[in-house]
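There are 2 protein chains.
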Amino acid sequence: MAGRKNGTLADEGNAPSARQKLLAAGIDLFTTRGYSATSVREIVERAGLTKPALYYHFGSKDGIYLAILQEIERTFAATLADVDTLHGTLREKVERLFLMLFDLFEQNLSAVRFLTAVFWGPPGGAPRYDLETTHRRLVLFVQQLVADSVPDGAMTPAAAHDSALALIGIFSLTVDLEMAHPEWGVGREGLIRLLGLLFEGLDQTSFKENIS
Amino acid sequence: MAGRKNGTLADEGNAPSARQKLLAAGIDLFTTRGYSATSVREIVERAGLTKPALYYHFGSKDGIYLAILQEIERTFAATLADVDTLHGTLREKVERLFLMLFDLFEQNLSAVRFLTAVFWGPPGGAPRYDLETTHRRLVLFVQQLVADSVPDGAMTPAAAHDSALALIGIFSLTVDLEMAHPEWGVGREGLIRLLGLLFEGLDQTSFKENIS
DNA sequence: GTCTATACAATGATAGAC
DNA sequence: GTCTATCATTGTATAGAC
Numbered sequence: 087m088a089g090r091k092n093g094t095l096a097d098e099g100n101a102p103s104a105r106q107k108l109l110a111a112g113i114d115l116f117t118t119r120g121y122s123a124t125s126v127r128e129i130v131e132r133a134g135l136t137k138p139a140l141y142y143h144f145g146s147k148d149g150i151y152l153a154i155l156q157e158i159e160r161t162f163a164a165t166l167a168d169v170d171t172l173h174g175t176l177r178e179k180v181e182r183l184f185l186m187l188f189d190l191f192e193q194n195l196s197a198v199r200f201l202t203a204v205f206w207g208p209p210g211g212a213p214r215y216d217l218e219t220t221h222r223r224l225v226l227f228v229q230q231l232v233a234d235s236v237p238d239g240a241m242t243p244a245a246a247h248d249s250a251l252a253l254i255g256i257f258s259l260t261v262d263l264e265m266a267h268p269e270w271g272v273g274r275e276g277l278i279r280l281l282g283l284l285f286e287g288l289d290q291t292s293f294k295e296n297i298s
Numbered sequence: 087m088a089g090r091k092n093g094t095l096a097d098e099g100n101a102p103s104a105r106q107k108l109l110a111a112g113i114d115l116f117t118t119r120g121y122s123a124t125s126v127r128e129i130v131e132r133a134g135l136t137k138p139a140l141y142y143h144f145g146s147k148d149g150i151y152l153a154i155l156q157e158i159e160r161t162f163a164a165t166l167a168d169v170d171t172l173h174g175t176l177r178e179k180v181e182r183l184f185l186m187l188f189d190l191f192e193q194n195l196s197a198v199r200f201l202t203a204v205f206w207g208p209p210g211g212a213p214r215y216d217l218e219t220t221h222r223r224l225v226l227f228v229q230q231l232v233a234d235s236v237p238d239g240a241m242t243p244a245a246a247h248d249s250a251l252a253l254i255g256i257f258s259l260t261v262d263l264e265m266a267h268p269e270w271g272v273g274r275e276g277l278i279r280l281l282g283l284l285f286e287g288l289d290q291t292s293f294k295e296n297i298s
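The listed protein sequences derive, respectively, from chains A and B.
164 is the number that my numbering gives to position 78 of the first sequence; each next residue is one higher, with no gaps.
146 is the number that my numbering gives to position 60 of the second sequence; each next residue is one higher, with no gaps.
Please keep in mind that the hints were generated in silico from the structure rather than gathered at the bench.
Some hints could be false.
One copy or any two copies: either way a pair holds, since identical chains are not told apart in the list.
Claimed, not checked - Listed next, the in silico DMTMM-like pairs over lysine to aspartate or glutamate satisfying Cα-Cα at most 25 Å (straight line):
hint: 1; residue 1: LYS137; residue 2: ASP148
hint: 2; residue 1: LYS179; residue 2: ASP289
hint: 3; residue 1: LYS147; residue 2: GLU286
hint: 4; residue 1: LYS107; residue 2: ASP168
Can you build the whole structure from these sequences, using the hints too?
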């Protein structure tokens with residue numbers, strides 16, 4: 087990974103190759119129009135090339151689409167590989183992990199939006215691509231984080247599972263908000279505040295079971 | 087609303103009209119293939135009709151797509167109109183509201199999946215349709231619920247906002263799970279458990295700030 | 001209201017020259 | 001590796017009969 091400026095999907099510096107120009111045009115169009123509504127003609131036009139160039143490098147429309155998804159996942163995976171060192175209380179570890187992810191996602195919002203659209207999009211409208219595995223890996227990682235942070239017997243596996251889900255729910259919401267309504271976004275500070283709410287409990291935070 | 091069996095998007099009983107058959111075929115195909123990847127030919131074939139029938143009833147491909155979205159939103163809005171009566175503690179009110187929404191969504195999972203795909207889908211791939219307003223309305227409703235349930239001064243508006251977001255985050259996660267991985271879904275009971283976690287706080291629930 | 005038949009543009013993909 | 005030129009197919013939409 088030496089010399090590789092990672093953390094963003096920005097171009098590789100230097101004069102972009104035809105392949106890179108096609109990828110850039112593709113990610114742009116697939117993000118804004120989706121797979122089916124994007125034509126090969128549009129991609130090559132934006133890249134300043136012609137159709138045979140695309141078919142030479144990627145073989146098909148499916149080909150460039152899948153290549154783009156792999157490229158995005160590769161970038162995220164590279165950054166996530168550095169997350170191994172987390173210490174402190176569970177709360178400290180969770181905060182650090184989620185802040186890292188939040189920053190990573192915020193710096194690549196359009197890529198995250200793309201993956202989200204693929205994840206929730208209709209199954210038959212585009213070539214199948216497995217995002218479940220990565221997603222599942224993240225869930226299991228948080229679950230393990232919780233399980234490892236409590237002494238044996240203090241928490242059932244089911245309780246650790248629930249806690250991990252609640253944490254992920256809070257995190258997902260802050261990212262979703264940043265994607266769907268950047269103007270309502272709560273930012274890093276908001277993420278920390280919401281996590282605090284979960285750790286301390288709504289009942290304990292500012293009021294005690296008041297009746298309306 | 088007399089005689090109207092609401093709560094689901096099932097057909098209206100009796101022999102379905104051409105219009106209803108087209109709508110049913112459309113929602114099915116738009117859900118599984120998406121807007122752009124679905125052709126008018128496919129829709130009319132599945133409905134057992136021909137193209138001019140569709141153009142007679144809906145004017146265009148955009149037309150039937152928008153008619154479907156309106157139909158779905160109308161069904162949800164009709165059910166949500168009954169939510170005005172909530173009493174008890176904040177926790178009781180939130181639980182009742184979210185359980186109602188959870189049941190409603192679970193009974194119409196494919197419709198919810200459709201709306202989700204539209205919401206997160208690429209903006210240029212299909213006709214624009216405003217889901218933000220409904221979404222915003224729900225957020226404001228929960229926010230108001232929180233604000234109304236604490237005595238004046240016990241909680242700043244900002245704190246009420248944060249609490250509402252945390253609650254919505256938990257709820258959204260349970261619905262997302264049900265949609266994306268029904269086999270991991272936590273169900274109604276899981277929703278209640280996760281809300282309990284948020285109200286009581288992770289720290290209080292089963293462990294006290296343990297260090298790993 | 002629903003059909004048959006068709007207009008006409010756009011699509012994904014390729015052959016073959018350079 | 002990248003081009004010009006072209007293929008067969010499919011797309012949305014409509015005219016006109018019944």
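### Message
I want to check one pair: LYS137 and ASP148. Are their C-alpha atoms no more than 25 Å apart within a copy, between two copies, both, or neither?
### Response
within (14 Å within a copy, 29 Å between copies)
### Query
Given identical chains, is LYS147 near GLU286, meaning Cα to Cα at most 25 Å, within a copy, between copies, both, or neither?
Neither: 50 Å inside a copy, 51 Å across copies.
### Task
Classify it for me, LYS179 with ASP289: is the Cα-Cα distance of at most 25 Å met within a copy, between copies, both or neither?
both (24 Å within a copy, 14 Å between copies)
### Task
Could you place LYS107 and ASP168 in one of the four classes (within, between, both, neither) given a Cα distance threshold of 25 Å?
neither (29 Å within a copy, 54 Å between copies)
Of the numbered hints listed earlier, those contradicted by the structure are 3, 4.
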